[in-house]
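**Student:** One letter stands for each residue in the lines below.
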Amino acid sequence: MYRYDEFDAALVNERVSQFRGQVARRIEGSLPEDEFKPLRLQNGVYLQMHAYMLRVAIPYGQLGSAQLRRLAEISEKYDRGYGHFTTRQNIQFNWVELKDIPDVLQDLADVEMHAIQTSGNCIRNVTSDHFAGATADELMDPRPWCEIIRQWSTFHPEFAFLPRKFKIAVTAAAHDRAAIRVHDIGLHMKQQDGTTGFEVHVGGGQGRTPVIAAKVNDFVPESEILDYLEAVMRVYNRFGRRDNKYKARIKILVSETGAEEFSRLVDAEYAAQSAHEKIDLPGDEIERITAYFKGPKLPTRPLESTAFNDARVADPDFDEWAAVNLHPHKQAGYTSVTVSLKPIGGLAGDATTDQMMVIADLAEAFGHDDIRVSHAQNIVLPHIAIDDLHAIYQQLQRAGLATANESLITDMIVCPGLDYCNLANARSIPVGQDIQKVFADPAYQRDIGKLHINISGCINACGHHHVGHIGILGVDRKGQEFYQISLGGRADEKAAIGEIAGKALSQEEIPAAIKQIIETYRSHRTSKDERFIDTLERIGHAPFKEAIYAAD
Amino acid sequence: MTSVRPKLKPEAPKAITAWDTQTGQTVWMTPDGSWSVKSGDLGIFVGDVAEAKLSEARGQESKVTDPYFMEVTEDGAICGRETLRENIRSNGPTVAYGKAGQALSSTLGK
Amino acid sequence: MPLIKNNQIIDNIWTYVPDDAPLGDESHIILGLERFLAERLQQRSSNKALGVRLAPADDPEKLRPYLDELDLIEVDFPKYADGRGFSQAQLLRRRYAYTGELRAVGEVLRDQILYMHRSGFDTFSTTRADLSDVMAALDEFSLSYQKAADIREAVFGIRQKR
Numbered sequence: 121m122y123r124y125d126e127f128d129a130a131l132v133n134e135r136v137s138q139f140r141g142q143v144a145r146r147i148e149g150s151l152p153e154d155e156f157k158p159l160r161l162q163n164g165v166y167l168q169m170h171a172y173m174l175r176v177a178i179p180y181g182q183l184g185s186a187q188l189r190r191l192a193e194i195s196e197k198y199d200r201g202y203g204h205f206t207t208r209q210n211i212q213f214n215w216v217e218l219k220d221i222p223d224v225l226q227d228l229a230d231v232e233m234h235a236i237q238t239s240g241n242c243i244r245n246v247t248s249d250h251f252a253g254a255t256a257d258e259l260m261d262p263r264p265w266c267e268i269i270r271q272w273s274t275f276h277p278e279f280a281f282l283p284r285k286f287k288i289a290v291t292a293a294a295h296d297r298a299a300i301r302v303h304d305i306g307l308h309m310k311q312q313d314g315t316t317g318f319e320v321h322v323g324g325g326q327g328r329t330p331v332i333a334a335k336v337n338d339f340v341p342e343s344e345i346l347d348y349l350e351a352v353m354r355v356y357n358r359f360g361r362r363d364n365k366y367k368a369r370i371k372i373l374v375s376e377t378g379a380e381e382f383s384r385l386v387d388a389e390y391a392a393q394s395a396h397e398k399i400d401l402p403g404d405e406i407e408r409i410t411a412y413f414k415g416p417k418l419p420t421r422p423l424e425s426t427a428f429n430d431a432r433v434a435d436p437d438f439d440e441w442a443a444v445n446l447h448p449h450k451q452a453g454y455t456s457v458t459v460s461l462k463p464i465g466g467l468a469g470d471a472t473t474d475q476m477m478v479i480a481d482l483a484e485a486f487g488h489d490d491i492r493v494s495h496a497q498n499i500v501l502p503h504i505a506i507d508d509l510h511a512i513y514q515q516l517q518r519a520g521l522a523t524a525n526e527s528l529i530t531d532m533i534v535c536p537g538l539d540y541c542n543l544a545n546a547r548s549i550p551v552g553q554d555i556q557k558v559f560a561d562p563a564y565q566r567d568i569g570k571l572h573i574n575i576s577g578c579i580n581a582c583g584h585h586h587v588g589h590i591g592i593l594g595v596d597r598k599g600q601e602f603y604q605i606s607l608g609g610r611a612d613e614k615a616a617i618g619e620i621a622g623k624a625l626s627q628e629e630i631p632a633a634i635k636q637i638i639e640t641y642r643s644h645r646t647s648k649d650e651r652f653i654d655t656l657e658r659i660g661h662a663p664f665k666e667a668i669y670a671a672d
Numbered sequence: 556m557t558s559v560r561p562k563l564k565p566e567a568p569k570a571i572t573a574w575d576t577q578t579g580q581t582v583w584m585t586p587d588g589s590w591s592v593k594s595g596d597l598g599i600f601v602g603d604v605a606e607a608k609l610s611e612a613r614g615q616e617s618k619v620t621d622p623y624f625m626e627v628t629e630d631g632a633i634c635g636r637e638t639l640r641e642n643i644r645s646n647g648p649t650v651a652y653g654k655a656g657q658a659l660s661s662t663l664g665k
Numbered sequence: 184m185p186l187i188k189n190n191q192i193i194d195n196i197w198t199y200v201p202d203d204a205p206l207g208d209e210s211h212i213i214l215g216l217e218r219f220l221a222e223r224l225q226q227r228s229s230n231k232a233l234g235v236r237l238a239p240a241d242d243p244e245k246l247r248p249y250l251d252e253l254d255l256i257e258v259d260f261p262k263y264a265d266g267r268g269f270s271q272a273q274l275l276r277r278r279y280a281y282t283g284e285l286r287a288v289g290e291v292l293r294d295q296i297l298y299m300h301r302s303g304f305d306t307f308s309t310t311r312a313d314l315s316d317v318m319a320a321l322d323e324f325s326l327s328y329q330k331a332a333d334i335r336e337a338v339f340g341i342r343q344k345r
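From first to last, the protein sequence lines are chains A, B and C. The opening residue of the first sequence carries number 121 in the numbering used here; numbering runs sequentially from there. The opening residue of the second sequence carries number 556 in the numbering used here; numbering runs sequentially from there. The opening residue of the third sequence carries number 184 in the numbering used here; numbering runs sequentially from there.
Honestly, the hints are just simulated from the structure, not real lab data. Treat the hints loosely; a few may be bogus.
Said to hold, decoys possible - Residues on chain A that point at chain B, a partial pick, calculated with CB under 10 Å:
| # | residue |
| --- | --- |
| 1 | R200 |
| 2 | L218 |
| 3 | D223 |
| 4 | A471 |
| 5 | A519 |
| 6 | T523 |
| 7 | S527 |
| 8 | D539 |
| 9 | N545 |
| 10 | R547 |
| 11 | Q553 |
| 12 | Q556 |
| 13 | G599 |
| 14 | T655 |
| 15 | R658 |
| 16 | I659 |
Said to hold, decoys possible - Reference listing, derived: stretches of chain B covered by chain A, where coverage requires no fewer than 3 residues with Cβ under 8 Å from a Cβ of chain A:
| # | segment |
| --- | --- |
| 17 | 575-589 |
| 18 | 628-641 |
Ideal Cβ placement from N, Cα and C applies to all residues, glycine included.
Required output: the full structure, derived from the provided sequences and hints.
**Tutor:** Shown next as structure tokens:
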């Protein structure tokens with residue numbers, strides 16, 4: 121993984137000092153809240169229902185063991201013994217005090233971490249494929265470019281007061297696990313005539329107006345990508361709407377301007393850049409950064425592991441877990457392990473201090489110090505020898521981290537909802553927990569197969585409900601919580617926005633409604649190999665809607 | 556900031572709630588105009604007095620952040636459209652979290 | 184309102200004249216973009232020094248042909264959250280090579296001044312910061328990841344020269 125040099129370290133430390141001064145001015149009274157707010161947001165500090173919340177950046181979702189240990193320590197020292205991993209591969213602490221945040225940031229800086237631009241109307245943390253550098257199905261490793269984009273976008277003087285927040289995601293695999301088509305900019309790495317470059321998608325997003333991004337450029341060579349991104353950002357900064365917060369994202373500019381005209385504006389801005397304006401990233405610098413991502417040197421291992429096969433026979437729970445939570449590695453004898461943060465009846469994406477410590481220890485002992493956070497709010501150990509799986513599993517199990525549900529129905533994306541969030545209209549967590557209880561049986565879950573349920577507590581869609589195969593949106597009706605079900609969303613390379621199934625239901629009605637949807641799927645699927653989303657696409661929404669509302 | 560804050564009639568009884576600027580804790584204005592982290596200590600204000608207390612609160616930026624009116628009954632109980640939200644602010648999340656949440660989920664999984 | 188340039192408080196000799204107001208006898212006047220474009224020939228003969236104030240939606244390219252005759256361009260930040268002025272400044276300095284005074288006016292907050300300076304502003308008119316604040320703000324970061332309108336070299340480049 122990337123390591124800071126003296127320049128990166130100096131900048132992060134200077135940021136801590138700067139924020140320490142800002143907090144002091146806020147507390148002493150010379151900096152009013154209205155002016156402090158954009159500053160604290162650009163350091164990831166929110167004021168939520170119960171307390172300040174600090175969102176710490178985990179660039180493209182990668183952590184080392186020392187970093188995860190530091191997060192665990194922070195959760196114990198400054199919070200209430202846990203942290204919450206988010207859909208943008210970050211972590212949030214829910215109970216920190218403002219006066220302590222400068223110290224927390226210093227603790228982070230000491231392990232090469234920060235909270236820079238994790239909120240606010242600026243370029244946010246760059247996200248990527250959580251299996252990057254390990255998966256068998258990628259063209260190349262996207263992380264070097266994520267890091268380059270991280271550096272370019274950090275403290276960019278022109279783009280710190282954009283019309284609205286701005287999110288970039290990068291993938292290099294055919295199967296998109298980074299949801300690039302629902303980002304402000306989605307970059308898909310490609311090769312063309314021996315040159316590395318990017319297919320550029322702009323204007324995707326969720327929230328109040330969900331939009332699938334438009335492809336604005338088939339191929340921008342890597343030598344030009346930062347200048348191209350500057351052009352996109354400048355067009356957005358100058359022409360994005362600022363009259364209405366809900367129409368200020370770049371997706372509205374792209375849709376109101378038209379993708380073709382928008383693309384033309386970007387091309388014109390790009391063409392107008394004079395030589396001295398070009399970023400001119402030295403090739404040696406690309407190589408220097410790329411070298412950090414070579415990945416561990418993994419000893420050659422046999423394809424089959426007798427120890428692994430024997431353990432599966434001897435330990436049926438392990439067998440269950442191994443069938444569900446592993447992802448093919450590019451090297452024989454290895455695999456990528458998903459550590460589920462979705463225990464039945466738990467809090468999606470939450471990990472306690474002890475759990476973070478356990479994962480850090482496992483990564484150090486077995487996983488070449490490499491830890492990832494997935495946008496589905498789980499943890500991944502990307503480079504694990506198949507021989508070591510049973511030992512790892514047993515430790516995970518003791519820590520309550522061995523739920524066998526990766527990409528199954530109980531592996532839901534759930535936003536914090538009204539239990540924590542000031543913007544929420546309804547609670548999300550209890551709804552998710554109630555659904556999990558219906559599908560807790562591992563055999564039942566596996567029978568249902570891959571299926572994404574995503575839950576948001578308000579229209580801002582932090583729980584990605586628009587792109588869940590089944591989406592659930594909490595709404596407020598005269599002070600009562602109701603939930604609207606949508607069907608057919610997806611966040612992958614066939615990204616689509618789900619369609620609302622019908623009238624909103626009460627919290628009590630939701631688990632049964634989901635059960636009806638699932639039973640409808642099971643009775644219509646051609647075989648167990650046909651996934652829910654494929655059956656839905658084949659037979660249409662009508663039978664599912666009928667099933668949901670049959671009881672009326 | 557909360558997405559919706561209902562407008563309350565001048566004669567309606569109301570409390571004033573905010574966040575402690577240093578700690579972020581939820582606080583309520585007491586009858587004597589100081590601040591408490593316990594909603595049980597809240598003062599009930601009406602009419603011009605309520606408005607005066609709110610603007611007094613707004614003038615205490617370094618002590619409390621974003622004060623606003625919260626609907627209460629004449630006995631000081633949280634009521635009205637935002638009852639659920641204000642109860643959660645007052646009592647904390649409705650779900651067990653941290654170690655307690657983990658213990659609960661381990662009894663439900665197998 | 185203090186006016187700060189090159190780490191010093193300077194006197195303001197300029198007067199902004201709103202679009203609907205008549206011109207007085209001031210020697211240094213600042214006009215809105217459209218008025219400047221409409222009246223510049225006529226005002227040149229009056230011996231007045233002319234400056235322009237850009238509103239956030241104004242296209243600075245319209246000034247490109249006249250940059251040599253301008254001693255001052257003001258960029259207005261009616262709300263601090265409106266960051267269009269940062270792009271206007273970058274365009275004026277880097278693309279159009281404007282070398283005169285570039286002044287940030289309006290809601291100019293202490294903690295925006297470094298980014299403003301990097302975007303090309305050399306003068307700040309602000310009630311929200313005094314001279315020591317401005318000097319401290321400009322000094323908060325010793326390095327930058329990007330090239331911009333100031334003299335700093337980007338970290339990307341510095342690394343390769345080590």
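**Student:** Taking the hints in turn, state whether each one holds.
**Tutor:** Now for the hints, and whether the structure bears them out:
| no. | hint | in the structure |
| --- | --- | --- |
| 1 | R200 | holds (5 Å) |
| 2 | L218 | holds (6 Å) |
| 3 | D223 | violated (13 Å) |
| 4 | A471 | holds (9 Å) |
| 5 | A519 | holds (9 Å) |
| 6 | T523 | holds (6 Å) |
| 7 | S527 | violated (17 Å) |
| 8 | D539 | holds (4 Å) |
| 9 | N545 | holds (7 Å) |
| 10 | R547 | holds (6 Å) |
| 11 | Q553 | holds (7 Å) |
| 12 | Q556 | holds (8 Å) |
| 13 | G599 | holds (4 Å) |
| 14 | T655 | violated (28 Å) |
| 15 | R658 | violated (33 Å) |
| 16 | I659 | violated (33 Å) |
| 17 | 575-589 | holds (count 6) |
| 18 | 628-641 | holds (count 6) |
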